[in-house]
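The listed protein sequences correspond, in order, to chains A and B. Using my numbering, you'd call the opening residue of the first sequence number 1 and step up by one each time. Using my numbering, you'd call the opening residue of the second sequence number 1 and step up by one each time.
Honestly, the hints are just simulated from the structure, not real lab data. Careful: at least some of the hints might be erroneous.
Taking lysine to aspartate or glutamate and the DMTMM-like style, the derived pairs with C-alpha atoms no more than 20 Å apart in a straight line are [as the list claims (entries may be wrong)]:
(1) 78(A) - 18(A)
(2) 3(B) - 92(B)
(3) 14(A) - 24(A)
(4) 78(A) - 68(A)
(5) 3(B) - 44(A)
(6) 57(A) - 92(B)
Chain A stretches covered by chain B per the calculated footprint, using a threshold of three residues with CB under 8 Å from any CB of chain B [what the hints assert, rightly or not]:
(7) 44-54
(8) 105-113
Just so you know, these numbers come straight off a predicted model, no measurement behind them. No residue lacks a Cβ here, since even glycine has one placed at the ideal position from N, Cα and C.
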Amino acid sequence: GAGVSQSPRYKVAKRGQDVALRCDPISGHVSLFWYQQALGQGPEFLTYFQNEAQLDKSGLPSDRFFAERPEGSVSTLKIQRTQQEDSAVYLCASSLSGGWKSSTDTQYFGPGTRLTVL
Amino acid sequence: DAKTTQPNSMESNEEEPVHLPCNHSTISGTDYIHWYRQLPSQGPEYVIHGLTSNVNNRMASLAIAEDRKSSTLILHRATLRDAAVYYCILNDRGSTLGRLYFGRGTQLTVWP
Numbered sequence: 001g002a003g004v005s006q007s008p009r010y011k012v013a014k015r016g017q018d019v020a021l022r023c024d025p026i027s028g029h030v031s032l033f034w035y036q037q038a039l040g041q042g043p044e045f046l047t048y049f050q051n052e053a054q055l056d057k058s059g060l061p062s063d064r065f066f067a068e069r070p071e072g073s074v075s076t077l078k079i080q081r082t083q084q085e086d087s088a089v090y091l092c093a094s095s096l097s098g099g100w101k102s103s104t105d106t107q108y109f110g111p112g113t114r115l116t117v118l
Numbered sequence: 001d002a003k004t005t006q007p008n009s010m011e012s013n014e015e016e017p018v019h020l021p022c023n024h025s026t027i028s029g030t031d032y033i034h035w036y037r038q039l040p041s042q043g044p045e046y047v048i049h050g051l052t053s054n055v056n057n058r059m060a061s062l063a064i065a066e067d068r069k070s071s072t073l074i075l076h077r078a079t080l081r082d083a084a085v086y087y088c089i090l091n092d093r094g095s096t097l098g099r100l101y102f103g104r105g106t107q108l109t110v111w112p
């Protein structure tokens, strides 16, 4: 089925390396979200895109985290100079609508990328 | 962010009904109540949502208290596949962004 896909599924990085995590949302979905999930915790919001516009990046934990969605479809979350505390599962979700309807739309999640920083 | 309170864990036997409670005493008039669940090693998946009236779909039912300060997710016949973490989330209809605030959820264990 044409769900949300993420790659890679697993990533091991040495502390200080840069990583790039990819999200392919459902085709035609306007809204795209990134969440971070630490072990044993619920997902926490990182950033939100409506088409190519990044409307909310208030959840990004530091300026080492950067996200983009240049053509309004595929998105990349980049983490520079990774630290051990960045180890987590990074989840991407998309939903059909943007704007005021987005709060009632179903969000469809990908399987996540598990990042381990050694 | 709107707050919800859920039990950390619950258990059920297979084929029995399960009632998962959620308290949201500070809910505002424009907050929708959403439920998502997360199976092991998977991303969360949508279960159901509602505003004021009780809701039913193929997966579950959502019973909302008259004062909207609490709600209950009902799985009519639990299966082993329903073992997951269940999240009760409030989402403001007036928000333009739709970000979801997950708590720690309720870990549901289903025994055969």
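Hint-by-hint comparison with the structure:
1. 78(A) - 18(A): Holds, because 7 Å separates the two Cα atoms, which is no more than 20 Å.
2. 3(B) - 92(B): holds (12 Å)
3. 14(A) - 24(A): Since the Cα atoms of residue 14(A) and residue 24(A) sit roughly 25 Å apart, the hinted pair is violated (cutoff 20 Å).
4. 78(A) - 68(A): Satisfied, since the Cα-Cα distance of roughly 8 Å is no more than 20 Å.
5. 3(B) - 44(A): OK: residue 3(B) and residue 44(A) at ~14 Å, within 20 Å.
6. 57(A) - 92(B): holds (18 Å)
7. 44-54: holds (count 3)
8. 105-113: It holds: at least three residues are needed, and the region 105-113 of chain A offers 8 whose Cβ sits within less than 8 Å of chain B.
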